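*Asks:* Chains as they are written, first to last, in my numbering: chain A, 1 to 302; chain B, 1 to 660; chain C, 1 to 215.
For the record, the hints were derived by calculation from the structure and aren't laboratory data.
Pulled a few chain C residues facing chain B out of the computed Cβ check, cut under 8 Å:
1) G92
2) A95
3) G105
Pair by pair, the computed Cβ-Cβ distance ranges are:
4) A:R33 <-> B:R562: 34 to 40 Å
5) B:H160 <-> C:L102: 36 to 42 Å
6) C:L99 <-> B:G54: 47 to 53 Å
7) A:F30 <-> B:P594: 41 to 47 Å
8) B:V478 <-> A:R245: 42 to 48 Å
9) A:R302 <-> C:A60: 27 to 33 Å
Predicted, not measured: the structure shown is a model, and the values here were computed from it.
Every residue gets a Cβ at the ideal spot worked out from N, C-alpha and C, and that includes glycine.
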Amino acid sequence: MDATQLIHPLLALALAPLMAGIVNKTKSAFAGRNGPPVLQPYRDLWRLLHKGAVYSRTTSWILRAGPIVSLAAVVTALAMLPFGGTAAPLSFAGDLIVFAYLFGLVRFLMVAAALDTGSSFEGMGASREVTFSALAEPALLLALAALARMAGSPSLSGLLAGAVANPAVSIPVLLLAAAAVGIVLLAENARIPVDDPNTHLELTMIHEVMILDTSGPDLAFAGYAALLKQWAFAALLVGVLVPWRTGVLWADVALALAAMAAVAVGIGVVESTMARLRLVRVPQLLLAAVACAALAVVLVLR
Amino acid sequence: MQLILASTAIIFLGGLLALAVASRPRAASVLAAVGAIAGSAVGLVPALRAVLGGTHDAIACPWGLPLGEFHVALDALSGLFLVPILVLTAVAAVYGTRYLGHDTGPRVGVSWFFYSLLTCGMIAVVVARDAVLFLLAWETMSLASFFLVAYDDRRESVRHAAWTYLVATHIGTAALIALFVLMARQHGSLDFDHWNAGGMTSALASLCFLLAVAGFGTKAGFMPLHVWLPEAHPAAPSHVSAVMSGVMIKTGIYGLLRILSLIGPPPAWWGWLLIAIGLSSGILGILFALAQHDLKRLLAYSSVENIGIIAMGLGLGVLGTAYAAPTVATLGYAAALWHVLNHALFKGLLFLGAGAVLHAAGTTRIDRLGGLARRMPRTAMAFLFGAVAVCGLPPLNGFTSEFLVFIAALNGMLSGDLLVGATTAAVIAGLAVIGGLAVACFTKACGTIFLGEPRTSEADEAHEAGGTMWATMALLMVACVVVGVASPWLIGRSLASPLAVLCPAPAGLPIDLNVASSPLTGVVLAAAAFIGIALILVLLRRRLLAGRSVTQSGTWDCGYQRPTARMQYTSSSFAQPLVDLFRGLLRPRRDAAPIVELFPTAAHLQTHVGDLFTDRLIAPAFRRVREVLSRLRWIQHGRVQWYVLYIALTLLVLLVWKLG
Amino acid sequence: MDFWVNCLVVLIAMTNLRLLGSSRVVSCVHTVAFQGVLLGVLAIVGASGGLAAHGIVLAAVNIVLKGLVFPWLLMRALRETHLRREVEPAIGFGASMLLGVLLIGICLWIGSRLPLPVGVQASPLLVPAALFTLMVGLFMIVARRKALTQVVGYLSIENGITAFGLGFALKEALLVELGILLDAFMAVFVMGIIIFHISREFDHIDAGELSALKD
Chain A
1 MDATQLIHPL LALALAPLMA GIVNKTKSAF AGRNGPPVLQ PYRDLWRLLH
51 KGAVYSRTTS WILRAGPIVS LAAVVTALAM LPFGGTAAPL SFAGDLIVFA
101 YLFGLVRFLM VAAALDTGSS FEGMGASREV TFSALAEPAL LLALAALARM
151 AGSPSLSGLL AGAVANPAVS IPVLLLAAAA VGIVLLAENA RIPVDDPNTH
201 LELTMIHEVM ILDTSGPDLA FAGYAALLKQ WAFAALLVGV LVPWRTGVLW
251 ADVALALAAM AAVAVGIGVV ESTMARLRLV RVPQLLLAAV ACAALAVVLV
301 LR
Chain B
1 MQLILASTAI IFLGGLLALA VASRPRAASV LAAVGAIAGS AVGLVPALRA
51 VLGGTHDAIA CPWGLPLGEF HVALDALSGL FLVPILVLTA VAAVYGTRYL
101 GHDTGPRVGV SWFFYSLLTC GMIAVVVARD AVLFLLAWET MSLASFFLVA
151 YDDRRESVRH AAWTYLVATH IGTAALIALF VLMARQHGSL DFDHWNAGGM
201 TSALASLCFL LAVAGFGTKA GFMPLHVWLP EAHPAAPSHV SAVMSGVMIK
251 TGIYGLLRIL SLIGPPPAWW GWLLIAIGLS SGILGILFAL AQHDLKRLLA
301 YSSVENIGII AMGLGLGVLG TAYAAPTVAT LGYAAALWHV LNHALFKGLL
351 FLGAGAVLHA AGTTRIDRLG GLARRMPRTA MAFLFGAVAV CGLPPLNGFT
401 SEFLVFIAAL NGMLSGDLLV GATTAAVIAG LAVIGGLAVA CFTKACGTIF
451 LGEPRTSEAD EAHEAGGTMW ATMALLMVAC VVVGVASPWL IGRSLASPLA
501 VLCPAPAGLP IDLNVASSPL TGVVLAAAAF IGIALILVLL RRRLLAGRSV
551 TQSGTWDCGY QRPTARMQYT SSSFAQPLVD LFRGLLRPRR DAAPIVELFP
601 TAAHLQTHVG DLFTDRLIAP AFRRVREVLS RLRWIQHGRV QWYVLYIALT
651 LLVLLVWKLG
Chain C
1 MDFWVNCLVV LIAMTNLRLL GSSRVVSCVH TVAFQGVLLG VLAIVGASGG
51 LAAHGIVLAA VNIVLKGLVF PWLLMRALRE THLRREVEPA IGFGASMLLG
101 VLLIGICLWI GSRLPLPVGV QASPLLVPAA LFTLMVGLFM IVARRKALTQ
151 VVGYLSIENG ITAFGLGFAL KEALLVELGI LLDAFMAVFV MGIIIFHISR
201 EFDHIDAGEL SALKD
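Please build the complete structure, drawing on both the sequences and the hints.
*Replies:* Pasting the structure below:
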């Protein structure tokens, strides 16, 4: 364990809100507004951390446990991701499965916390969340399995190590896997073709509606966990899409950070130019991700 | 070995005593439970010794029955199945004393007798080494559990369930008899020790394998043969469901493994068949579980799903053996065996939790419950742990075994050719789908039953489970955590000897369990990091909230002022998007009286998801058979003299045939 | 060069999946046109050992016919019939896509077993991709109800056949290819007119209703 392994977790913890700020700034630019400052998400979190809390009389300890477990699980998942040449603090055969399943744990607890309030709106959001995630999960794992086969390594650190051996096969595979991971990124992080993070109509939301009754530090934890989760998926996407390494540590990290910013801008562009899909169409989008991932598997298998 | 026989005797004695004092239900319960605990304690010693030390001891002596001798043996594989059998039956027996506590009449004592008989039957199945003894034990187990299922026999649905189970299990037994006859003819002996791969043609071995899959698969609940599970599990008392689902169906897996170890090196297509069965059982099982309205039915379908995961592990093991890929084989078999243990723990816990709910609220209809977490917090916590484990989420034990299946598949994917790669990719995708759907299924169950507001007055008046019931659930809950966290160490210690039985040395597969335990060490590290961070966050939250206002209020329902409990999302509405997405497979039936007028009066909506295979395959097949057989109705006319004549004629014909 | 062939083949496979998953007829028409253009490009890129004249001819005819003429004809028919969506297909769009993924696997297996003429130096992915395109076309004809989507399926079959031809890249194939293209052209032309007339006569183009004519 050397110190460079801690670079990525610290960067993620520090910069995840900034990424959301960049997304919002991009959307504002498209809409011709000034928009909130890039650092606004930090201020929001800070303010929430210093507030009291209001709990529904219906709720039990599960509502309070949800945000804590989510944040802890997401931070643990971040520890398995390599980033721009820095190795992950935690790396072992099959860590990609733990990575995916930690988000399953997050989902389980957040959905339970939503149902804990007994509100039909939060139940609705929870129902949609589990529906779409059940389809996103095979896409993510198949894409990672294809990359694992290509890199010949069963761990995230190995398969994102950035070696492009046989470009004729590997670049199409990387693109397909990136497409699958990209769709999963949008679906898992309440982004536009699937969910609208800005809407204030409870009927149309998924993630935001699940935390209607969470307040104060709990809301800060849940919000921060969501931001870190977005960072984790974006970092995964960057790992797939930017397989080149210069060999110089700071240059690699800078390159990866630039790519992260590009992903944030990309999310903003998608959100500005696309409409949210009708809910019955979302499974098709996710199936398209599964198809991309399956195609990647087919390509690497031969 | 003597200890095992002693343990069986003690358990059986407990059952007999319970039957003797059947007029006093409480005494009967206590006697049977004491017998179960004492017997288990005695039996665990040799079982653990066999698993950890890999010892093999046997008793063989001639007995009065024709064909073969009384031959029992305890090797590591038997021991590995024996441990969960002994533990779970003892735990469930303790639970049952309280669960049946409010019942009166002799049926309690009778039920305990059959409970002990079921335990003895299961023990005998895993130690029997003679085909006749095995079948006797198998039948004892099946019949005892039939009587246990029929406990509440005044209800028509229970009688139907018990009947379905009886028919299903005997169809399976028929396949087993055919299998044993084939093996015995081939080797000229009914003793398992004389059975080996030598001299078996591949066609014969394949036929035996198929018969074993059909026969043992019926008991285990492989997908097209699972039809009895969702009927029998809800009908039986909860502690019996826990035993049946937790360990009894695993005897099917045991039988399959035992036969696999006897019929020689497997060809690859056996692996593919098992993986196909596993995928269909897993995905369809969890889908049907998701669509259920009854908690115990949901759990029964979830057992089918978990049997599917075990079958996938077995399939990968077989595939690895066939392709001479020792890592895949070891990981696959280890995953299957490990999931057998884990499923016994968490499914036992879940069924006991369901029993507590039934005990407290008088129903397991999910949509009639709600808000139980505030009324029975300890049960809710236990059930939640069980649910997280059954979803295969870290850091509990369910994840460790699903993780092993995953890395077995990943290893196959990394090294295999096109066909193996495609198969393992299908396993990975299938497991991911199962994982996602399991989360949907069990958040639905937990959320609707324990969270929110009570939907009916029964749920409102529910009470916490008693101390005994809670203690057993707590024990299983702690076991789920401990087994999850200690898995690398436990697997390294306990699976080596059973695996050696499964792939004996001549097959040329070196067993190195490091391939399983070293990634699991990483899992445990991640789990430790997770728990550590969570604890820090708990403290941080306490610091942040100290001195600030923490108030209570009503749920924010988007400005709506008078929400009632009936406006909550129900389990049916929660599952509706997924049920609708998979309506081609689930075929939900809707019965709705829509709202038509401006001031609607009465409206109702009812949905029902039947079993695809019962409705489309089994029921039509049985109808066809009944049509054919009804032509023979004239034999059944009710005249006793004629029946005597039949018997006499049969005897005469047999005599003539034998002498002639 | 191998890289571009692979990329194109993957793109062709993805257009197929889009054909299976899309309910909007307009996007089906556009997708199949795009597929035709991709095939044209493939003819240029995939020509082993430099660009022969026949390769360029084939590519040009492919791109012009399939990328411009066919979509124009079909869009015209589409406008006349006011058809927007394929509703209630025999097999749902999600299920179609899953079947598509399964078909990819089967095609790959067939492709690895199919004996090819000696001396053919095609990318190992070309034959599976051609088969896949062909089968998707057949599948659309079977599983969709509107005559226009069925025409799209027919075009997809044609694309598959072209891809096969490209895979073998035999010199004599030029005439055959052109013949097939001409055939397809006539067929699309005729079908466009027929659909137009059927639509005017019956106010719909649901092929399922044809069973009413059986006796």
